[in-house]
Amino acid sequence: MENKIPSYLLQPGNDQHELANAKVIRLSFLDKTLMNSATAVKSIYVQAENASKENFIQKISPHIKLISLIYLVLIISFVSHHKAQIIITIFIFALFIMARLNIFKVYKKIFFLAFIFGFIVVLPASLNIITPGKIIFNIITINKPLHFWIYTIPQNIGFTENGLKVVSLIFLRILNSVSLAMLIIFTTSFPSFIKSFKILGVPDTFLMIISLAYKYIFILSRTIEETYFALRSRLSGNIKNSKIRELISGRIFFIFKKSMIIYESTYYAMVSRGYQGKVLLHSQKKLTAMDFVTLIIIVAFGVWIIYL
Amino acid sequence: MDHIFIEMAEDIISLKNINYSYYGKIPALKNINLSVKKGEMVAIIGLNGCGKSTLLHIINALIFPDSGELFFKGNQVTENSLSNKSFGKELRQSMGYIFQNPEIQLFCPTVFDELLFAPMQLNLPINAAEERADETLSFLGIEYLKDRPVFMLSGGEKKKVAIASVLTMNPDILLIDEPLSSLDPKTQTFFIDLLLELNRAGKTIVFTTHHLDLIDHLQPRVAVLTEEHTIQKTGTASEILNDEEFLISVNLIHEHVHKHDNEVHRHFHSHYVFHKH
Numbered sequence: 001m002e003n004k005i006p007s008y009l010l011q012p013g014n015d016q017h018e019l020a021n022a023k024v025i026r027l028s029f030l031d032k033t034l035m036n037s038a039t040a041v042k043s044i045y046v047q048a049e050n051a052s053k054e055n056f057i058q059k060i061s062p063h064i065k066l067i068s069l070i071y072l073v074l075i076i077s078f079v080s081h082h083k084a085q086i087i088i089t090i091f092i093f094a095l096f097i098m099a100r101l102n103i104f105k106v107y108k109k110i111f112f113l114a115f116i117f118g119f120i121v122v123l124p125a126s127l128n129i130i131t132p133g134k135i136i137f138n139i140i141t142i143n144k145p146l147h148f149w150i151y152t153i154p155q156n157i158g159f160t161e162n163g164l165k166v167v168s169l170i171f172l173r174i175l176n177s178v179s180l181a182m183l184i185i186f187t188t189s190f191p192s193f194i195k196s197f198k199i200l201g202v203p204d205t206f207l208m209i210i211s212l213a214y215k216y217i218f219i220l221s222r223t224i225e226e227t228y229f230a231l232r233s234r235l236s237g238n239i240k241n242s243k244i245r246e247l248i249s250g251r252i253f254f255i256f257k258k259s260m261i262i263y264e265s266t267y268y269a270m271v272s273r274g275y276q277g278k279v280l281l282h283s284q285k286k287l288t289a290m291d292f293v294t295l296i297i298i299v300a301f302g303v304w305i306i307y308l
Numbered sequence: 309m310d311h312i313f314i315e316m317a318e319d320i321i322s323l324k325n326i327n328y329s330y331y332g333k334i335p336a337l338k339n340i341n342l343s344v345k346k347g348e349m350v351a352i353i354g355l356n357g358c359g360k361s362t363l364l365h366i367i368n369a370l371i372f373p374d375s376g377e378l379f380f381k382g383n384q385v386t387e388n389s390l391s392n393k394s395f396g397k398e399l400r401q402s403m404g405y406i407f408q409n410p411e412i413q414l415f416c417p418t419v420f421d422e423l424l425f426a427p428m429q430l431n432l433p434i435n436a437a438e439e440r441a442d443e444t445l446s447f448l449g450i451e452y453l454k455d456r457p458v459f460m461l462s463g464g465e466k467k468k469v470a471i472a473s474v475l476t477m478n479p480d481i482l483l484i485d486e487p488l489s490s491l492d493p494k495t496q497t498f499f500i501d502l503l504l505e506l507n508r509a510g511k512t513i514v515f516t517t518h519h520l521d522l523i524d525h526l527q528p529r530v531a532v533l534t535e536e537h538t539i540q541k542t543g544t545a546s547e548i549l550n551d552e553e554f555l556i557s558v559n560l561i562h563e564h565v566h567k568h569d570n571e572v573h574r575h576f577h578s579h580y581v582f583h584k585h
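Residue numbers (our numbering), protein chains in the order written: chain A, 1 to 308; chain B, 309 to 585.
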């Protein structure tokens, strides 16, 4: 078998002048979308790295963390006075310091989520249209109150004292719940946390599916990133956006097709190693004295908050 | 002694007139007849796309042929016979399959879970399974990967974990698709030694490859799959490797150009045996 190299390959490469005149291709929408997926992948790395640190919080059993999370979220939901909620906020902040996480970065995310879901979304509830009461900040005054069906729009519309109390309480509840969830996410490896759901009676097969889905999100993100790099390295000159969209949609189809093949092969690999319709997962390590002490502290803190 | 044992041993796997095609259109295997004796080492060699992996899938009863028969320890393997739990379990317990692409073979949350998966499905007591997994990790020098999620491993690490995950089953028959792919040279040597030792201990080994040097190292019985998806010849390693004309005819060795200092020249090429001038 003889190699017959096409003659153009034996000639010098592209004319430098032509390259200099070529317009730079714009891939901004592509950049943003695909780079975000790459960032997601990197955050998984960061999460896993944090989880493997040898600090007090990281060492606690995922079982205890899961029980504590459920218990404290229930406490946060039941407690309806600000003082207790603020104490919980301080307590969680102290836990973040003990976990030696990057407080600034983590709290940026927490406040963003709490601001969107705990403030912006519920802010209208503080208006006297929804929560009647004494107006402490007037926004608008209309000529006369408007009535239609069972609703009344008062003459003065503004924030009420009761309304702001309700909104601030909801904000604190969401802030505390989100920060608690973030604390667990950043200090526990995802696989071991998923396995801790066994204590709630979640079947192994279901946990296996979640683990697989998590793995494929990672693989998919990496495939998308690699596809992006491959596109960038080969695209040059002025290409229409419609052409780029066509290329991308073609690649997406390819990725889905590839995923299907991977799923099938993974299934074969499972069958080959004895899978017969029911998965048995390995249980976690036994609980240590430190785990029990942590649980007692959390329970005692919750009881104290309730009776505060 | 080993040779005499193999001659007298029973067929542990037997394929008769196997035909398989993808989607009923693309032929993958045509009229395959092959038997493997207990304790034997068999290599299926051929170019990419000739059906080597498909053949291993059929031997492991992951897919079933369009026509023809597969026998395991004298019992015919069909979808029906596999639904008999004890037969299905015996077959799965006896055969360990190391896939070419470790990416698809690893599906558990962590490396340790991966090694425990098969022993646990096969109902091995948990303490024994954990002991096996720990021993295997240390044997392969990958203890440091124990608690790592599998998607955070490098290509070589994934391959090692895939090998370890099958070894913990302690199967009597090892099916290996391209044993040396994704392994660095040092690990390749380690793995070749391991295969020889396992075979000496009585394990049956069936592997696929297109590297003739591996055949020379392991000296297995060889079945040559051609681009026409049929087995054209079977024989001992030396019978196959010394039949230069045949290897050229099935494109397993070919002429190529290379350089020695500044001298460029052309000769038949296969990295080990036929590198002659």
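These are calculated hints, taken from the structure and not from any lab test.
As the structure is a computational prediction, the values presented were derived from the model and not from experiment.
The reader is advised that the hints may include incorrect statements.
[To be verified] Taking lysine-lysine and the DSS-like style, the derived pairs with C-alpha atoms no more than 27 Å apart in a straight line are:
(1) Lys278(A) x Lys59(A)
(2) Lys324(B) x Lys567(B)
(3) Lys4(A) x Lys567(B)
(4) Lys393(B) x Lys278(A)
(5) Lys381(B) x Lys333(B)
(6) Lys286(A) x Lys454(B)
Results for each hint:
no., hint, verdict
1, Lys278(A) x Lys59(A), "violated, 31 Å"
2, Lys324(B) x Lys567(B), "violated, 46 Å"
3, Lys4(A) x Lys567(B), "holds, 18 Å"
4, Lys393(B) x Lys278(A), "holds, 13 Å"
5, Lys381(B) x Lys333(B), "violated, 32 Å"
6, Lys286(A) x Lys454(B), "holds, 17 Å"
Hint compliance for this structure: hints 1, 2 and 5 are broken, all remaining hints hold.
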